[in-house]
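Asks: Going down the list, the protein sequences come from chains R and A.
Residue numbering for the first sequence is 1 to 110, as defined by our numbering.
Residue numbering for the second sequence is 111 to 222, as defined by our numbering.
Hints are computed from structural coordinates only; laboratory data are not their basis.
Using 30 Å as the maximum straight-line C-alpha spacing, the simulated DSSO-like pairs for lysine-lysine come out as follows:
(1) R:Lys57 - R:Lys109
(2) R:Lys65 - A:Lys167
(3) R:Lys9 - R:Lys57
(4) R:Lys109 - R:Lys9
(5) R:Lys9 - A:Lys167
(6) R:Lys22 - R:Lys9
(7) R:Lys73 - R:Lys22
(8) A:Lys167 - R:Lys105
(9) R:Lys105 - R:Lys65
(10) A:Lys167 - R:Lys22
(11) R:Lys105 - R:Lys22
(12) R:Lys105 - R:Lys9
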Amino acid sequence: AQRVTQPEKLLSVFKGAPVELKCNYSYSGSPELFWYVQYSRQRLQLLLRHISRESIKGFTADLNKGETSFHLKKPFAQEEDSAMYYCALSPMDSNYQLIWGAGTKLIIKP
Amino acid sequence: KAGVTQTPRYLIKTRGQQVTLSCSPISGHRSVSWYQQTPGQGLQFLFEYFSETQRNKGNFPGRFSGRQFSNSRSEMNVSTLELGDSALYLCASRRTGAGELFFGEGSRLTVL
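The following block holds chain R by itself, in its conformation from the complex (with noise of 0.2 Å):
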């Protein structure tokens, strides 16, 4: 079965610690992966799509397929970064419907 999973709900770090947010994904084929991110009192938004492999307010996110897995990571956490972040899986061949994760929220303590 098709299935994301996000294994934390709550991840607290401190400001200037790493961060990774994990994210795991049960998929036979080829899927695309994202990450959106939800602010407090902001819409849900993309943040990064492996496909572009772009680095996005400091977070980046490989995709490993031997492990499949899409883990986010950032070097130095910033208080702006205390967000909801939910991992996405799309199969190449379900017109973008996408497959979502329960959802991490990250808190960064000053």
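Fit chain A to the supplied structure of chain R, relying on the hints for placement.
Replies: Chain A only, in chain R's frame:
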């Protein structure tokens, strides 16, 4: 370019009533999806419309329905409201052939 617009932003209903929520997608976007967001369940997919046709449907009871008009605007309806329907309902649109979803700010429904 205006973003995805949802109305109303907030509403309070009582059990047994019905509610209609509206979504105007970004101009040129023909796909509109609806999601229910709650603290306990996260994001739950309701349905997706493309060119006035429901293309995908999530695992929600028949009380939840939707439609899309020829101008791509969409509405969703929930009949016989239950307390558990209290949630933030999000609408998202995207361009044809593109994966990125653009979300509205949501309609926060409270059922008393």
